[in-house]
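Undergrad: So the sequences go chain by chain: A and B.
Reminder that position 629 of the first sequence reads as 646 in this note's numbering, one-by-one numbering, no gaps.
Reminder that position 304 of the second sequence reads as 542 in this note's numbering, one-by-one numbering, no gaps.
Hints may be right or wrong, so weigh each one.
[What the hints assert, rightly or not] Partial pick of chain B residues on the chain A-facing surface, computed with a CB cut under 7 Å:
#  : residue
1  : S450
2  : A504
3  : G505
4  : L607
5  : D613
6  : T638
7  : P726
8  : Q731
9  : A748
10 : V752
11 : R763
12 : E764
13 : A775
14 : A776
15 : V778
Keep in mind that the hints were calculated from the coordinates and are not lab data.
Computed from a prediction, not measured in an experiment: that's the story for all the values here.
Yeah, the Cβ is synthetic: ideal placement off N, Cα and C, and Gly gets one too.
Single-letter residue listing:
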Amino acid sequence: MDTLRTLLIGTLVGAPLMAYGLSFLEGKLSRRVLLIAAQLMAVAVLLSAIGLLVMSRLWPDSIVGVRLGTWLSLPGFEVTLGARSDDFAFVLTTLTSIVLLLALSAWPQEVSLRWLMLAWFGVTLANVAGNLGQSFVGWTLSAWASSELARKGDKPLRPVWLVQRVSDIAMLAGFGIAWMHLASTLEFSAWTPEAIGSLRPELIESIALCFLLGVIGRCAQLPLSVWLETEQGFAAQSGNSMSKISDVMVGVWNVPDGHEVAERLKADRSNRWHESPEDSVPPTVLAWWLCAAFLPVGIGLLVRLEPLFAAAPHTRLLMVAVGAFTLLMCSANAAAQTNWPRVLSQFAVGQCGFVLIAMGMGSRSKGLLGVSAFLWQSVLIAVLLVANSAIRRQATRLMVVALSFMAAGLCGRHAVADSVWEHARKLFDIPIKVSEESEPVVLGTTETRLWLLVVGAIFLSEFLTGFALFRAWFVSRRESVSRPALNGDRQVRILMGITTLLVLLGSLLARGEWERSDAGFSWTPPRMFGVVPLLPLALAGVVLAWWMYSKPSSLPEKIAAAMGPFARLSRNRFYWDDLYFLLVVHPATVIGEWLVWFEERAFGRGAGSVRNSVASVFGESAEPLSRGSAMIGALTTVGSVAVLAWMLLWLRS
Amino acid sequence: MWDTLVRPIREHLPLWLMLLPVCSAVLVGFVRLAGAAAVRQTMLVNLLLSVALSVWLVVAYEPLKPATSQEEAALLGPLERFQFRDSFAWVGETRSALVERLNRRGERRVIEVPAQWGPNIRFAVGVDGISVWFVALSVLLVSVGSSLREPLRPNADGRMPMAVISTPSVAWLWLQASLVGTFVALDVVLFVACWMSTLLAIAWLMGSGGDSQRHEVVPRLLKTSWWGGWLVTLGLGGLVLVFGWLRTSPNPAVSSLIFSIPELIAGIGQLTVAGENAFLWGTINVWLFWLLVVGFTWPLGLAPLHRPFVEAFASAPRGVALVLAGALLKIGVYGWLRFVAPVFPDLLHQHSDTFTTLVGLSSLLAAALAFGERDWQRRIALATSSSVGLSLIGVMTQMTEGLTGGLLRVLSHGLTAGLLVWLLPRERVGSLFQAAANDDRCFADEFGGLKKTPDPVTLRRRRLVRFALFAWIGLPGLSGFVAEFVTPFGLFQHEFNAAALSLMTSGLIAWMWVRADREPLDWSRELWTRRDNFVVAALVTLNVALGVAPQFVVNRLLPSLMSALPVQSEHSEVR
């Protein structure tokens, strides 16, 4: 048993590393061979993760953490590499392997495999990490390598990595403070509720806030959904103060109105629904980012640090606010996007916000409910993104199945929404005394109102999600098929078919309730109609989409005109990017340039003028001060030597 | 074979590392008559031998070697921290003195006793786990820098002017010997002399190369460093005197003044624990502390006192700039580690909150200035100033994690800055944007940016620059990552302000490099030579090696750090 366990865990960590090593042969070996080798390794990891999951269920004590080596060791500070025994780690690894298999089946020719394999290794390290050090190494490595996948040829660094860096720094701060106060160990096993409970509340909140910032950056939640761009964009070049701020992850190019690119897009009716722009991230890479490298890794950390967040109520409240805000904004944005990758990206980021809401309730079971729903959805999103990239129109039927499932409101979302409603209602029921004399009345606290707002946001986002997905599907049907089917398409189709079927069955079965009685196991299907009417809301969105987009008409234009600025706001992602530019990028740039100017004036010319003034006061004898410092330097040297010589002579005497 | 050939070299490696460039300089003086090729070959042999010796030194250093004698163990600790020691009388010597004594029977007898003549200043060299890395880095960077000489212009008759070849070669060798001497010196006077000597060598090299501004900026750099050196001289001189007062020897024939750095550091700690000595030391140590603090910090080029360094870096020839930023600037950090931290632990602890906050602000200011810069060389110089500040913060924490992180950052910065400077174009045309006006191969793309079809050399250089930027920023698997990861753990134990400032600086530097990456340099006039292959391969390999296997460095570093500094193991109780 031990040998088998070691073998499986070794495969889990070793296969990505081996694949990375093999990827250095890119260009020497045929790409097909490399792709097949990578797929085989992904299958090996997938089987290992499933095997470990099964072992942990059948023999709960058989799985223990494995330490493969030490990267850095200082007294009281040891970073080891290995894998920990954790079902959730194996689930995440399984998900990563499935997404990787999907991505490899349609990997773009122009994107290097090397970075993908390195990113895979990083994601694996982060997912199975048993200590802070390995977690941080994997976290940073996967973010960096995954960001590099978006670079085409010799283009400059993508700003996506910068926000990931903000997230890294926040994480590091959290790790630093936590390590100092949690018995100086880097092991996650020290993060017990008892150990956390012994800390001061404000300290717990600080640590949790740092980690939340890290997760927000990693999962593209607001306000870190925008990736900082420099002022070198086209808008700045054309003298427009609203610079090009691109959100690469969600694939939006924020084209200011009036710019020639915007006019060209508007003039071409075929651009109403079009391929992603040439410079945008390939959909397969997006699939990797959204469904394996960024969002699930961030959520994984959130789950791992659940005891910490459970003890930090204020940070949890912030988490809920961020999640709800992101969910609402992304759902609204998705309704105005013009290609599949953008729609799905917005949808994925929004659903990640949903997980934050679920985790923010402070109950592990409810949080895991949201996480589980999100992970199942991630596979579907990956399928759709890869399908868009590989076979597009041919996958229509699959898309219908998958979209129906998502738009109808996943059972998990339903369950989480019900829990949120229950949570809000409970808080609302708590009686409060307005004054000492008065009778307790039920008013609701600020937290109660926030939860009610969250419920509202969930309602609205569900409606918008149904509308956005079906609008996208209706409009995309008008698109002409741009290329004939290729041989590889069949393989992709089969893979996607199997995956979709498994996900459908799996999520349905997992969300249902198993009961054991004398007669054996029985299964109750998940609720599709709960207290919260998500399904009707989603259906209302679908009907609206059908009414507006099932046939080409001028209705959307009329409605958009009637909506006035809201349509433009939605299309431009509420000018969130521009706000970012105004609040962060532009001030930082101006301050930097001003400092350089000030330094030049104050220290450069100022020092010179002081020297001149001193020289003019003291006359010719101080002239070297204004001319230059060679003589002063020489005098100083002679002085130093004289002092040294005097000291030596004195010592000798 | 071993005893005849290998052992004499192995047991005196620091000495050989100092002597080799001196011998090479003498040799250059002779072989210059044979032509430029002979000078170059001599330099090449020196380079190869120096690198080989420094690698040997690193490998041969035994961090956990037990002390050889009980006396040494009692004074310097159970481990033999300073190894490969050599000591020769320099100023002052031990002579025989005739002393008249009365024997038991009341008869006068003249007996001969050994007596110290003059101060016991010795040419003493050796290395510990800290200096061994500084030596290796210095040798590497001087080797790289000396290979980076600018192209020579032949005379009208087509021959190379001999003075142009041999003079900088001698200056480079002088710089190498001085720099190595600074780090291996185990005598106070030798340390100061070698440090000052490096500045003269730098001045010589900058005088014989660099841009038209060098005559303005070199004196400023030297002035700053000399003032620092002068203060350090006074501080160390005072330290020797104070130690002499405290250490009253029963034997008047033995000099009470100790110039040996290991004994001075260990002795001060032992003599000032309690009693009258503690009172005396408490009165004087503040003065000495401030002299050394200002003396070692001033030449570091920290903002807002960074201008002399930044201007010198921007005006210097690339090779000199490389050594200036990669090794020479770090002498201040070395001084902090060698003298300030072990001799004045209490005073440092008392002021460390203020110091770390100030240096953190300085690093942030340098990073902000780099952010606003458009010139690559000034960017590198300012980022260097910021990085040195972050290293110094690590040292100031007096925590294992902070110290280790600070030292690793010094090494990492040396390697990455070396690679970046090596890859800079020879002619300072600035970024591609600045060059666009005169280059018809650049044209605006549809978004108003610049488009250019890069040639393979440009492409390769651009990728390597990106690699260096990644290493500088601190991405996993590369050299900067270890320091970026470890230092905050020390800083958070020490003070929150310093930790926050350090993390903000790291973030700003990362953003600055991402911006810089959007302004690629113009390498259209550059070639890719075999020398580029060797140097770049070495620097890239070392960068990756430090990132992947930092424990090799840490193993050698840690015992010396632990024995030299009062590291608080119970860090949780400190705050």
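Undergrad: Each hint: holds or not?
TA: Evaluated hints:
no.	hint	verdict
1	S450	violated (14 Å)
2	A504	violated (21 Å)
3	G505	violated (17 Å)
4	L607	holds (5 Å)
5	D613	violated (10 Å)
6	T638	holds (5 Å)
7	P726	holds (4 Å)
8	Q731	holds (5 Å)
9	A748	holds (5 Å)
10	V752	holds (5 Å)
11	R763	violated (19 Å)
12	E764	violated (16 Å)
13	A775	violated (15 Å)
14	A776	violated (20 Å)
15	V778	violated (14 Å)
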